[in-house]
Every structure is written in C-alpha cells, then in structure tokens.
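Novice: Read off the chains here:
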Amino acid sequence: MQALATLGRYTLATLNEIGKVFIFSVQGLKNCFVPPFYFREIISQLVIVGFYSLPIVGLTAVFTGMVLALQTSVGFSRFNAAGAVASVVVISITRELGPVMAGLMVAGRGSSSIAAEIGSMRVSEQIDALRTLRVDPFKYLVVPRILAGVTMVPLLVLVADVIGVMGGFLVSTTLLDFSVGSYISQTVQNLAAIDVISGLVKAAVFGFSLTTFGCYHGFCCDLGARGVGNATTRAVVSSCIGILVLNYLLTALFFGI
Amino acid sequence: MTKIHFERLCKSFEGGLQVLNGVQLGIEKGESHIILGQSGCGKSVLLKCLLGIQKITSGDIIVDGISVQDERRFGEYLRKFSILFQGNALFDSMTILENVIFGANQVRRDKFECRKLAEEKLFAVGLEKRVFDLYPAEISGGMQKRAALARAIAVEPEILLFDEPTSGLDPITGGVICNLLKNTIKSLGVTALTITHDLKVAEFLADRVSVLNQGTVVWTGRTKDMETCGNGYVIRFHQASSLSGTVA
Ligand SMILES: Nc1ncnc2c1ncn2[C@@H]1O[C@H](COP(=O)(O)OP(=O)(O)OP(=O)(O)O)[C@@H](O)[C@H]1O
Ligand SMILES: [Mg+2]
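Protein sequence lines correspond, in order, to chains A and B.
Using the working numbering, the first residue of the first sequence is number 3, and each one after it goes up by one.
Using the working numbering, the first residue of the second sequence is number 9, and each one after it goes up by one.
Extracted from the complex, chain A is given alone in its bound form (with noise of 0.2 Å):
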C-alpha cells in the first residue's frame, strides 16, 4: 500500500513537471516572435551556443565516422560486402548519428551552462532587478537562448555532417583499402535529401528542447549554490532524455513507423 502511494506520487510529480516544461516551452516560443527583441544578446547567444561548440561537435563527429567506417567494414567484409561501407556512413550520419551526437553535445555543454547561469542570476536577485528594470526575464534571458538553439544546432549538425562523413572517407581510404574514387562516389549516390533534411529538422527540435531545458531549470532553480548544482544537473540530465526520445518520435514521422 505505502509502495503504491510513494508509486502514484512519484508519478503525479513527474506528469506535473512535464506539464509545466510544455507550458514553458510554448510561453518561450510565443514570446520568440513578440517584441522587444534584445539583438545584442541573441548575438552573443548565437556565438555562445553555435561557435564556442564547434570544436567539440567536429570532434565528435569525425570520430563517430571514422569507428563507423571500422566497424562497419569488419562486419560487412564477412559476406563480401565491404562496398556498402560508404553508404552506411553516410546515410547513418545524416540521418542519425550527425543530429545525436551533436544535440548530445551542445546539451552537455550548452543546457548546463544555461541552466547554470540562469540559476546564479535568480539566486543573486539579477531576475528581480531586470524586472523592477521594466524587462522581461523571459524576452531578455529564454528568447535569446532558445533562438539560439533552433538556428545553431542544425548549423552545428551540417557541419558535423560534413566532418564525419570525411573521418569514414578518411579511415576508408587510408587503413582500409578503399580506392577514392570509388568512396566518393559511393557517397554521393547514397547522399539523399530528405535524409539531410529530416536530420537539420531533427537538429532545430533538438535545439529548442535543449535551450528550453536549461532555461526552465535554471529558472525554477532553488536557492543557494546547492540549487545551482541541482539545477545544472536537472537540465543536463533532462536534455539528453529529451534528445532521444524526440529523435525516436522524429524518426517514426520522417521515415513510417
């Protein structure tokens, strides 16, 4: 009896928290589109979220390719069909492993971050002050972020793209016994669009849901450095889960259940 009331009041908790994630998230977009709009800061988000994660999401993603290219060799030379290690590559990348990855990134490194500094602005009353200011929190610190999110992360996702379909191109070619010609167009047969796109789409989504997990989480951070902590935590940890489970629900609409 105890285990099914903490059961039904762990869950009743849960189904709160996302249904004020999802009231958040709509408030965030609305607002995306209502002025004011605070240029400076989108610019500074745009470099924060997009630029200042290239590295690690070209980093990642030339070494998801370039396992890729090993793995998939080993086994498809067993039925003598070492051939399709190009297409493999590249349509896995585009579609799956290029808009994870990176979302898992830029969620680690972006979401934290913003939860994080949210969550130390509201600890030290900078919200308070923006408002007795006249501005609004959420114009002045979600917006930005979240534009951010939507128009960087499939920025970051081309990229990743590029870069991981060239670490496959690299390790095909020079440890494996490819010939170059052959690899490249291998790739470009396989390169559709729509796989492409389903995966920038993918990135957009995954960008919103990481930005709006951060902001929420260091909105409702409680106080002191505790809170921060938790609050960094809550946002890294719920951002990941997002990812995968949108990518799930992404994938069944794109490409038939």
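Among these hints, one or two may not hold up.
Here are the simulated EDC-like cross-link-like pairs (lysine to aspartate or glutamate), alpha carbons at most 20 Å apart as the crow flies [stated by the list, open to error]:
(1) A:Lys141 / B:Glu106
(2) B:Lys88 / A:Asp224
(3) B:Lys63 / A:Asp224
(4) A:Lys22 / B:Glu22
(5) A:Lys141 / B:Asp100
(6) A:Lys141 / B:Glu79
(7) B:Lys63 / A:Asp130
These stretches of chain B come out as covered by chain A in the derived footprint (C-beta under 8 Å, 3 or more residues) [unchecked claim]:
(8) 87-95
(9) 108-114
For the record, the hints were derived by calculation from the structure and aren't laboratory data.
We put the CB at the ideal spot given by N, CA and C, even for glycine.
Once you have looked at the hints, place chain B with the ligands on chain A.
Specialist: This is chain B with the ligands only, laid out in the frame that chain A set:
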C-alpha cells in the same frame, strides 16, 4: 499626501507559512521611512510584494492611486520605483558602466545621452573612471554598493527602496554608504523606503520608522520616541540594539 499605502496586506506561502498578516501602513510623499524588524520577519517579502515580484495573498498596495494588482497599469506603477537590492544584483556579465547604462536605458533612448547620464550617476556616487570598465566581481563590496546605487538612481525614480543597505559591509564603509544614501535621498527629493534590522541605520536615515513583528506593523513613529512608546516589543528591540551597538 500618502505616496504608498499598504492596506491590510497579507502574504502566505505554499505550505501555510503566513509571513505578512495584515500590514497597515501609509508612507508620506518625500519622507524617508524605515521598516525595522528582526531577521526573517518578512521585510524582504514586503518589498517583493511592493514591487509585484511576489503576488500578494490578500489586501492591497496602492501607490499614487494605482494598485499593484492592476495589470493594465503595472508598467506605469513599476516605473515609479527603483531598488537597491540586499545583494546589489549587479549583472555580472556586464561592466559597471554597462550596468548603469542598462538602467539609464529606461529613461533615455539616445545611446550617447544614456552613456552621459550613466557616467554622471557613477561620478555622483563617488566612483572613479578607472572602475567603469571593470566587472562587478572585480571590485569591492563597497564599490559594488555604490555602483548598484548609481544604477538605481539612473532610472530617475520617484520612490527609492533600499533592502539592508549596510549588510555585508564593514562599519566604516557602512557609515559612508549611509551618508551617501542620505545625501542622495535629499538631493533627489524622492520618497525613500529602507528596510533594515539595524537601529543605527534607522536613526541616521529615518524621518519615521515602522517596526514589523509577527507579520504586522506594531508601531510607527520617530526613532527617538522608540524608548518611550509603551510597546514592549519596540522597547526590547531598541534596548537590544543599543547593547550590541554595531552598525553593519
Ligand atoms: N519564496 C519563498 N517561499 C517560501 N518561503 C519564503 C519565501 N521567501 C521568503 N520566505 C519566508 O519568509 C520569511 C521572511 O523572509 P524574508 O526574506 O522576508 O526575511 P527578512 O526579514 O528579509 O530577513 P533578513 O533580515 O534576514 O533579510 C522567512 O521565514 C522565509 O523562510
Ligand atoms: Mg531580507
């Protein structure tokens, strides 16, 4: 003329904690009013209710005939106020000058005018040009207090609010800041509401004081009448303060 009117203000939090329980108080235009109270008695909550940061549970706050609960006129309402927070609340991603310009932006559109106003206010609170381009974390607590005051007066308010203006400062710096506050209030001719638990600050700044205890204002009057007011709590507060004799 009454500038700020608290009408049976009540505020309770989720979980049933009743912090304010019928605060009844009128603050006159142009006076410097102090609210004295023990730590945790709800002074900061009172200020947050006044600024509409926290929703009030019942009762009302009226400023120049506008209620804090009137959402249509809330912009106009808020425009009258400026606050010096307990922890300064300077934006730590901006330099000192940018912080003050951010405030000045509320009253001036032109970029150049904003900058001029901000520099003027920074000089007025006694900050030197060399700290203008430093970040809040790079200057001392006393300077942060001054910078926060500059930002507060840059919005050209009618009402200045000070939340524990001397907390966290040494006695000498605290005294200097108190002096600065007093001069600022006098030169701007604003209505000032200061919140503190420190009787010394109250004696120095106040035209009138109100003592807050258990969620209500138990006494209002001049500081020098505190000893003889006949209210047990007020007298105890006064005696305890004279004993400890600290400023900050
Ligand atoms: N957001 C909140 N949720 C729940 N309780 C709160 C909240 N804010 C304040 N309280 C409670 O209200 C009471 C009064 O807090 P407040 O910060 O106003 O005290 P204070 O008089 O300003 O004290 P100090 O002099 O230490 O600053 C405290 O008991 C506090 O626990
Ligand atoms: Mg307080």
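Novice: Taking only the CA atoms, is the gap from Lys63 (chain B) to Asp130 (chain A) under or equal to 20 Å?
Specialist: 13 Å, holds
Novice: Lys141 (chain A) and Asp100 (chain B): Cα distance at most 20 Å?
Specialist: 18 Å, holds
Novice: Would the pair Lys88 (chain B) and Asp224 (chain A) pass a check requiring their Cα atoms to be no farther apart than 20 Å?
Specialist: Judged against 20 Å, a Cα distance of about 30 Å means the pair is violated.
Novice: Please count how many residues of the segment 108-114 of chain B have a CB within 8 Å of a CB from chain A and say whether that reaches 3.
Specialist: holds (count 3)
Novice: How does the segment 87-95 of chain B fare against chain A when you require at least three residues with a CB closer than 8 Å, holds or violated?
Specialist: holds (count 7)
Novice: Would you mind confirming whether the straight-line C-alpha gap from Lys22 (chain A) to Glu22 (chain B) stays at or under 20 Å?
Specialist: 17 Å, holds
Novice: Taking only the CA atoms, is the gap from Lys141 (chain A) to Glu106 (chain B) under or equal to 20 Å?
Specialist: 19 Å, holds
Novice: Checking one constraint from the list: CA of Lys141 (chain A) to CA of Glu79 (chain B), max 20 Å. Satisfied?
Specialist: 18 Å, holds
Novice: Holds or violated: Lys63 (chain B) and Asp224 (chain A), Cα atoms, limit 20 Å.
Specialist: Measuring from Cα to Cα gives roughly 18 Å; hence the hint holds.
Violated hints amount to a single one, hint 2; each of the other numbered hints is respected by the structure.
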